[in-house]
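**Student:** Chains as they are written, first to last, in UniProt numbering: chain A, 1 to 348; chain B, 1 to 348; chain C, 1 to 348; chain D, 1 to 348.
Bear in mind the hints are in silico, worked out from the structure with no lab data behind them.
It is possible that some hints are incorrect.
Same chains, same label: a pair holds when it works inside one copy or across any pair of copies.
[As the list claims (entries may be wrong)] Each computed EDC-like pair below joins lysine to aspartate or glutamate, with the alpha-carbon atoms no more than 20 angstroms apart:
#1 LYS251 x ASP173
#2 LYS305 x GLU111
#3 LYS96 x ASP259
#4 LYS305 x GLU66
#5 LYS191 x ASP171
#6 LYS65 x GLU337
#7 LYS140 x ASP223
#8 LYS96 x GLU119
#9 LYS96 x ASP108
#10 LYS114 x ASP73
#11 LYS114 x GLU166
#12 LYS253 x GLU44
Please read these numbers as outputs of a predicted model, since none were measured by experiment.
Number of protein chains: 4
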Amino acid sequence: MATDAIRVAILGASGYTGAELLRVLLRHPRVRVVALTADRKAGEGIETVFPQFMGLNLPKLVTIKEVDWSGVDAVFCALPHGTTQEVIAGLPEHLKIVDLSADFRLRDLDEYAKWYGHEHRAPKLQDEAVYGLTEVYRDKVAKARLVANPGCYPTSAQLPLMPLLEAGQIDPDDIVIDAKSGVSGAGRALKEGSLYCEAAEGIHAYGVGSHRHGPEIEQILADASGQPMAVNFTPHLMPMNRGMLASIYVKLKPGVTADDLRTTLLQRYAEEPFVQIMPQGVSPQTRHVRGTNSCHIGVFADRVKGRAMLFSVIDNLMKGASGQAVQNFNVMYGLPETTGLEQIALFP
Amino acid sequence: MATDAIRVAILGASGYTGAELLRVLLRHPRVRVVALTADRKAGEGIETVFPQFMGLNLPKLVTIKEVDWSGVDAVFCALPHGTTQEVIAGLPEHLKIVDLSADFRLRDLDEYAKWYGHEHRAPKLQDEAVYGLTEVYRDKVAKARLVANPGCYPTSAQLPLMPLLEAGQIDPDDIVIDAKSGVSGAGRALKEGSLYCEAAEGIHAYGVGSHRHGPEIEQILADASGQPMAVNFTPHLMPMNRGMLASIYVKLKPGVTADDLRTTLLQRYAEEPFVQIMPQGVSPQTRHVRGTNSCHIGVFADRVKGRAMLFSVIDNLMKGASGQAVQNFNVMYGLPETTGLEQIALFP
Amino acid sequence: MATDAIRVAILGASGYTGAELLRVLLRHPRVRVVALTADRKAGEGIETVFPQFMGLNLPKLVTIKEVDWSGVDAVFCALPHGTTQEVIAGLPEHLKIVDLSADFRLRDLDEYAKWYGHEHRAPKLQDEAVYGLTEVYRDKVAKARLVANPGCYPTSAQLPLMPLLEAGQIDPDDIVIDAKSGVSGAGRALKEGSLYCEAAEGIHAYGVGSHRHGPEIEQILADASGQPMAVNFTPHLMPMNRGMLASIYVKLKPGVTADDLRTTLLQRYAEEPFVQIMPQGVSPQTRHVRGTNSCHIGVFADRVKGRAMLFSVIDNLMKGASGQAVQNFNVMYGLPETTGLEQIALFP
Amino acid sequence: MATDAIRVAILGASGYTGAELLRVLLRHPRVRVVALTADRKAGEGIETVFPQFMGLNLPKLVTIKEVDWSGVDAVFCALPHGTTQEVIAGLPEHLKIVDLSADFRLRDLDEYAKWYGHEHRAPKLQDEAVYGLTEVYRDKVAKARLVANPGCYPTSAQLPLMPLLEAGQIDPDDIVIDAKSGVSGAGRALKEGSLYCEAAEGIHAYGVGSHRHGPEIEQILADASGQPMAVNFTPHLMPMNRGMLASIYVKLKPGVTADDLRTTLLQRYAEEPFVQIMPQGVSPQTRHVRGTNSCHIGVFADRVKGRAMLFSVIDNLMKGASGQAVQNFNVMYGLPETTGLEQIALFP
């Protein structure tokens with residue numbers, strides 16, 4: 001470990017995104033993980049909670065209060081929505097923070113209050129926070145102290161849609177996003193719907209017309225289209241541990257073809273290490289980005305004239321959460337964005 | 001077994017739809033299964049091919065040529081597309097036939113040639129065939145000698161959409177059908193994409209803009225809308241044995257609400273034993289129709305004004321294939337439609 | 001429904017075994033389900049808890065206290081271990097009862113106290129209870145008022161082992177039972193280990209050397225061997241909804257061959273509708289008994305001299321719970337044992 | 001890439017073990033992958049066959065004949081059993097070779113002929129080959145030109161058993177190995193049994209008493225016990241992509257306890273980076289070694305006196321194939337054994 005290691009704390013290390021952060025950061029050449037918190041499991045070893053970390057000699061789980069912040073440079077916050085804002089408000093100012101909760105994603109505080117059921121408790125921090133869709137907001141992330149890491153569904157939808165809206169190639173008023181997620185997206189909390197028998201061998205839509213990632217998607221797409229957005233966004237729960245597919249149905253502006261969309265995306269993401277545009281006719285599969293920070297995007301014309309389809313796949317725990325968090329961290333510290341994120345997908 | 005049993009042959013009994021027909025028909029109180037064919041496995045016992053039929057003392061598998069048609073009243077044909085039409089053309093005229101292949105589904109022979117790559121080889125039979133979406137074409141099915149059993153994707157999409165198009169409540173030009181299927185829909189043939197490791201723990205779209213169920217859906221929806229139809233239809237393959245969900249995104253006609261759609265569907269299907277409209281706010285799940293001939297339909301308003309969503313689930317091997325085939329058989333013989341199809345879903 | 005229907009109550013209808021009882025009993029020609037209890041969900045419709053029962057017009061869920069016992073003939077009790085004994089002790093004496101919990105399975109009250117951590121609270125009932133491994137204790141079941149329905153693991157192990165121990169063909173002191181179960185065996189309770197992500201894509205042993213089904217297996221095997229038994233029994237949790245495989249490793253008595261074991265089992269179960277001995281060389285699969293009350297047993301010689309292997313598969317929710325419960329009910333009422341249990345396995 | 005990179009060819013890159021080798025070697029700091037062969041897919045890009053390698057600018061697939069061996073230092077051979085021996089016999093002598101097939105694993109050529117159905121075609125090479133269970137044969141591997149990489153089942157069984165046999169703590173004549181494997185162990189070949197619907201939602205034993213890994217296990221265990229071995233080994237196929245659990249049932253020598261076994265294993269593997277002995281009472285899970293070269297071993301006493309249980313989990317594609325192959329390669333080149341193998345398990 002370099003002597004100039006960046007000392008990192010992971011808040012909420014006993015959840016799936018916390019564990020995924022730890023998996024990545026333990027192999028990050030510039031990071032030393034110095035604190036792991038989990039209020040309800042404080043005192044236990046992380047290898048008791050997650051046996052995949054056996055034999056790595058890691059710091060014990062502690063409560064947030066027990067952390068000695070003077071020895072910490074950066075914080076990854078993987079705490080539940082709603083409680084995060086106050087925790088972060090209470091942290092020392094010298095810390096750089098990547099927050100994986102939804103607490104700082106919505107710029108409009110009224111919108112926040114409407115969707116999350118209470119007034120925001122750290123509006124000043126909200127004002128300071130930068131939305132961390134790295135490929136789009138990289139410059140702001142580089143200067144940020146607090147990054148609001150995007151949700152998984154928003155990431156999968158924004159990456160393919162933003163360049164097309166910016167280019168004015170698709171109709172901003174006719175976008176359907178049918179998204180499918182693996183079960184780890186629901187976290188490790190005990191909910192009936194997350195039980196094996198309730199999630200295996202079947203599929204269903206949930207949060208129909210009411211999922212909190214809807215306004216998040218729209219807020220950011222509006223940056224690209226320059227107009228308020230309303231999209232049809234519907235998440236589905238399906239039997240896989242990790243993975244997310246957004247199937248996106250769009251209406252082409254007059255004279256635009258699906259090939260034009262592909263060209264726009266190829267140009268936009270030519271230099272991006274984590275975004276791949278699939279060759280013509282290749283439909284991306286979630287399994288081929290498993291465990292990676294990559295987003296694979298496919299573009300298809302439809303038989304229906306004037307319409308096209310986009311398929312975007314990510315690993316919900318990586319580009320949809322912990323991987324993008326580390327990518328943002330790299331940007332905040334001026335490191336190459338791929339540092340610690342070079343793994344190739346685990347398939348099968 | 002009643003002395004007046006209807007003597008049935010299953011052609012193609014070594015595939016999944018063949019096995020599913022057998023599962024249902026063995027418990028059908030008016031049926032006697034007298035012949036099972038499987039050209040490549042002729043001579044074997046069906047319990048060798050499908051051990052779930054152990055101990056039932058069933059007829060051995062034979063070739064189609066070996067069947068003594070004089071002892072057969074009705075035929076379920078579960079053979080591959082393309083070869084079926086000639087087989088059926090060669091069968092004696094006294095037989096009633098339910099064909100589960102796609103060979104007789106498209107009325108327009110040019111359309112057939114375009115999608116299936118060759119001229120239809122039994123155009124006269126095609127002319128005679130009745131499309132067996134039972135809830136819609138029941139009267140014709142009752143008089144038919146040859147029923148073209150609908151595809152699984154078309155069934156899942158047509159049941160929710162037809163009443164709404166007939167009622168003029170949705171825009172026929174703006175329909176997106178995002179469908180998800182279990183792997184049994186691909187049959188038991190050896191294809192790389194059907195291997196466990198290629199289908200588990202992931203999802204992807206396939207046949208994008210080019211799946212043969214597209215024109216089948218449109219042909220029948222046109223019956224309801226009274227105009228040529230072009231819909232956006234995209235199938236996805238996901239890790240489950242059986243089950244199909246069609247998530248359908250529609251534009252409402254001015255003044256129409258999602259509640260109006262629900263009311264239309266409730267009225268249309270009030271007397272139908274196999275179609276259930278879910279209570280407000282309930283999203284149907286494929287697992288709750290597993291092993292049954294049921295279709296569960298949910299209706300939701302969207303946050304986006306003027307738009308609504310329909311979710312329709314079936315078991316692709318039952319209402320999407322063998323179950324509906326038996327339902328049509330029941331209609332053809334004047335039996336109660338639920339005969340042999342009373343099973344409750346196997347969940348979990 | 002016949003006017004002479006047997007009026008049945010299901011206690012604990014909101015769990016998986018309760019739902020499975022309901023699935024079977026609703027199609028049982030001699031049964032009318034008149035009461036469904038679920039203390040914590042009382043007041044709800046069962047179709048809210050289990051949407052597969054939509055449209056069937058079933059009695060609402062009530063508390064146990066609310067049941068009018070005068071209108072009930074028989075009770076299936078699918079309540080948790082420990083609480084069941086007091087509930088049953090409080091029921092009127094005119095009721096016939098099949099209890100699916102473990103409360104009345106261990107005859108030895110000391111053994112019960114040791115494994116369940118408290119003195120038995122209804123020792124007189126325990127004395128009266130008959131262990132309901134139907135194929136073995138059929139005569140006693142026929143006269144019983146209270147049947148203790150066997151556990152899933154014990155059922156899968158006892159069926160192949162008992163005839164061989166009775167015949168003295170295997171060494172009672174050298175039996176290894178390596179059992180694999182689907183996740184529904186853990187019920188619908190919220191436990192971390194039952195979450196999709198904790199049970200999918202992996203396997204592990206649990207309850208090693210300490211599972212409560214161990215003494216249950218041994219008690220009953222002792223009936224067959226005529227001596228106290230101690231077996232090596234290890235359960236494993238694996239990713240499937242339902243299904244159980246017991247792989248059993250035995251030492252042959254001198255001069256005995258694996259073929260002799262097969263012959264013994266074939267003779268013993270020749271007339272049994274629910275037990276099938278697989279043909280030579282065929283390894284039974286859990287999927288081929290899915291949804292049925294069947295047990296498939298395979299017998300193999302080992303390369304190691306003097307040893308043999310038995311593979312026994314059941315559906316843990318059916319022959320391992322609700323199916324055998326209905327089989328016992330049929331025996332208690334003098335009905336053909338297969339009544340209501342004729343379904344063929346749902347495969348795939 | 002260092003200028004002193006070891007130039008590597010992967011033969012058989014279109015299978016799962018080939019792809020897994022590529023995944024690991026592309027991130028190996030001392031390796032340059034210079035050739036990928038796949039006779040039937042020669043001319044295609046590897047990213048067409050395995051889209052997870054998109055965007056990595058890799059050599060095209062070629063036939064074995066097309067490889068320019070002068071630019072190759074080392075070969076990983078992931079070809080089918082039977083054909084491998086002749087391929088390797090035809091390779092230039094300057095190459096170091098790790099062979100993942102079974103062709104060079106059995107030292108006894110008669111035993112080979114018996115199990116593989118033909119005389120060995122490269123007996124001299126067989127004589128030279130070193131069995132690559134790294135933790136045991138490390139010294140020989142270091143000097144070898146040709147390493148026979150162990151099978152997955154043998155690896156999972158040998159690691160826990162060898163130290164105990166060497167220590168004389170368990171009875172060599174009473175060992176039962178009940179092993180469970182994910183489906184990737186069957187490779188990417190088109191077999192009915194590897195189809196999703198045939199492998200999902202169920203489990204069964206296969207190759208009972210006749211699996212070719214039996215003699216491989218016994219040959220190596222005999223090295224430890226100093227006597228000919230005959231073990232009860234039974235593989236099972238279960239629904240997961242990757243993972244393997246060997247549940248091993250042993251008889252203790254008089255006076256030996258399960259704790260003694262644990263102590264022996266802890267001491268034996270104290271310095272081994274890839275073998276972890278689980279804390280008392282912790283049952284290892286395959287998911288916690290997913291994607292890694294680790295083996296987790298749990299030791300348990302049984303209620304049955306004088307008996308104990310060992311549970312050993314590996315990733316069948318890693319420690320059971322490609323990971324151990326790279327570990328052996330590291331040994332052959334004098335590199336730290338963990339080079340390129342530092343990944344932490346992907347869970348969930």
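**Student:** Can you tell me if LYS114 and ASP73 fall within 20 angstroms by alpha carbon in one copy, between copies, both or neither?
**Tutor:** Neither, since 34 angstroms and 53 angstroms both go past 20 angstroms.
**Student:** If the cut is 20 angstroms between Cα atoms, do LYS96 and ASP108 qualify within a copy, between copies, both or neither?
**Tutor:** Neither, since 23 angstroms and 63 angstroms both go past 20 angstroms.
**Student:** Given identical chains, is LYS65 near GLU337, meaning Cα to Cα at most 20 angstroms, within a copy, between copies, both, or neither?
**Tutor:** neither (31 angstroms within a copy, 40 angstroms between copies)
**Student:** Could you place LYS96 and ASP259 in one of the four classes (within, between, both, neither) given a Cα distance threshold of 20 angstroms?
**Tutor:** Classified as neither; 42 angstroms inside a copy, 48 angstroms across copies.
**Student:** Is it within, between, both or neither when you check LYS96 against GLU119 at 20 angstroms Cα-Cα?
**Tutor:** neither (25 angstroms within a copy, 58 angstroms between copies)
**Student:** Which holds for LYS305 with GLU66 at a C-alpha limit of 20 angstroms: within a copy, between copies, both or neither?
**Tutor:** For LYS305 and GLU66, the Cα distance exceeds 20 angstroms both inside one copy (61 angstroms) and across copies (46 angstroms).
**Student:** Could you figure out if LYS251 and ASP173 sit no more than 20 angstroms apart (CA to CA) within one copy, between two copies, both or neither?
**Tutor:** Answer is both; intra-copy 9 angstroms and inter-copy 12 angstroms each pass.
**Student:** Between the shortest in-copy and the shortest cross-copy C-alpha distance, which are at most 20 angstroms for LYS253 and GLU44: within, between, both, or neither?
**Tutor:** neither (57 angstroms within a copy, 36 angstroms between copies)
**Student:** Within a copy, between copies, both or neither: which one fits LYS191 and ASP171 at a CA-CA cutoff of 20 angstroms?
**Tutor:** For LYS191 and ASP171, neither the intra-copy (38 angstroms) nor the inter-copy (38 angstroms) Cα distance is at most 20 angstroms.
**Student:** Indicate which option fits the pair LYS114, GLU166 if close means a Cα-Cα distance not exceeding 20 angstroms: within, between, both or neither.
**Tutor:** neither (28 angstroms within a copy, 38 angstroms between copies)
**Student:** With identical chains treated as interchangeable, where does the CA-CA distance between LYS140 and ASP223 reach 20 angstroms or less: within a copy, between copies, both, or neither?
**Tutor:** within (14 angstroms within a copy, 55 angstroms between copies)
**Student:** For LYS305 and GLU111, with the copy left unspecified, which applies at a CA distance of at most 20 angstroms: within, between, both, or neither?
**Tutor:** Only across copies: LYS305 and GLU111 sit 18 angstroms apart there, 36 angstroms inside one copy, limit 20 angstroms.
Violated hints, in rising order: 3, 4, 5, 6, 8, 9, 10, 11 and 12; the structure is consistent with all others.
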